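K.L.:
Sequence:
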Amino acid sequence: METYSEQYGNSVLASEQLKEESSTGTTTAAGENPADSNMEGTTYGETGTSGGSEYDSIERTRNYDVSKTVETKVNAPGKVTRVSISVLLDGEMTDAERGMVSEAVGKAAGIDLERGDQVSIVAMPFNTEETVRLEAQLAEVEKTEARKEYITMGLYGLGIIVAAGLLIFIFLSLKNMVNTQLVPSMDAVVSSNSTSNRELKVVMSPEAAEKKMRREQVDQLVDTNPEDVAKVIKTWMLED
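Reminder that position 236 of the sequence shown reads as 236 in the working numbering, one-by-one numbering, no gaps.
It should be emphasised that the hints constitute simulated quantities derived from the structure, not laboratory data.
Model, not experiment: these values are computed from the prediction.
Any given hint could turn out to be false.
[Unchecked claim] The following label-pair restraints were derived from C-beta to C-beta distances: (1) Gly-157 / Arg-215: 55 to 63 Å; (2) Asp-112 / Asp-65: 36 to 44 Å; (3) Arg-133 / Glu-97: 24 to 32 Å; (4) Ser-173 / Arg-215: 33 to 41 Å; (5) Ala-108 / Glu-135: 43 to 51 Å; (6) Ala-139 / Lys-107: 36 to 44 Å; (7) Glu-140 / Glu-97: 51 to 59 Å; (8) Ala-109 / Tyr-64: 50 to 58 Å; (9) Ile-151 / Glu-97: 39 to 47 Å; (10) Val-83 / Phe-126: 35 to 43 Å; (11) Glu-135 / Val-162: 37 to 45 Å; (12) Tyr-156 / Thr-128: 35 to 43 Å; (13) Thr-144 / Ile-168: 33 to 41 Å; (14) Ala-139 / Glu-97: 30 to 38 Å.
Note that CB positions come from ideal geometry on N, CA and C, so glycine has one too.
Sequences and hints are given; from them, build the entire structure.
P.N.:
Structure below.
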């Protein structure tokens, strides 16, 4: 919005013109000059008289200008003419507390009481039943989600334990099966070698005789304790 105004003050002298005339003689002097409506402060001469009189005339013209002040105001659109604020607070308040809150709100919002602005402070207990109910529902949902998460983690853990137990069971079963098949075979090999050595009767060198004696001792050990010999051989095989 744009506002334009003009204010006129006192007149100011712009220009001045002075004209003087004088004469001496018997001629009658001229009469008055008509007044100009736009001239102020003009002095007119007087009519002279005949019979050797002197004539003097002074004419002064002054032009005045009227002073003028022009003021232009440009205001932004949507000017605020009045502000009203209401504040609701949960709980009870004293008059002093209400006044402090009103003052703080007024300063923050730029309240101008002379303009007619108003600030209303209302303190009363709020109804929190719906809020409590929603919070309880939210807590129940969170518990349910947590319970589902625990169950899922437990199932994963149980599956891992079952799978590990199954693998251990299969490994032990295979190991027992291999041991059961390997021990009788080794016992049969040892017995067969022992019988063959006893039937061989050839002339040997001292070194061969010593080896034979050791072999016979081993054969004797096999005959007396075949289970121990089989365990030793099985241990050798496992080490290899």
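K.L.:
Does each hint fit the structure? Answer for all of them.
P.N.:
A quick look at each hint next to the structure:
About 58 Å separates the C-beta atoms of Gly-157 and Arg-215, a value consistent with the hinted range of 55 to 63 Å. Checking the proposed 36 to 44 Å range against Asp-112 and Asp-65 shows it holds: the Cβ atoms sit about 42 Å from each other. At about 30 Å, the beta-carbon gap between Arg-133 and Glu-97 stays in the expected band of 24 to 32 Å. Checked against the hint of 33 to 41 Å, the pair Ser-173 and Arg-215 passes, with Cβ atoms roughly 38 Å apart.
For Ala-108 paired with Glu-135, a C-beta distance near 31 Å fails the hint of 43 to 51 Å. Restraint check, Ala-139 to Lys-107: a C-beta distance of roughly 40 Å satisfies the suggested window 36 to 44 Å. Evaluation of the 51 to 59 Å hint for Glu-140 and Glu-97 yields a failure: the beta carbon distance comes to about 38 Å. Checked against the hint of 50 to 58 Å, the pair Ala-109 and Tyr-64 passes, with Cβ atoms roughly 53 Å apart.
Remark: the range hint 39 to 47 Å for Ile-151 to Glu-97 is contradicted by a beta-carbon distance near 52 Å. A C-beta distance of roughly 25 Å is found between Val-83 and Phe-126, which places it outside the suggested range of 35 to 43 Å. Between Glu-135 and Val-162 the beta carbons are some 41 Å apart, a value that agrees with the proposed interval 37 to 45 Å. Checked against the hint of 35 to 43 Å, the pair Tyr-156 and Thr-128 passes, with Cβ atoms roughly 41 Å apart.
Evaluation of the 33 to 41 Å hint for Thr-144 and Ile-168 yields a pass: the beta carbon distance comes to about 37 Å. Checked against the hint of 30 to 38 Å, the C-beta distance between Ala-139 and Glu-97 comes to roughly 33 Å, which is consistent with it.
In summary, the numbered hints that this structure violates are 5, 7, 9, 10.
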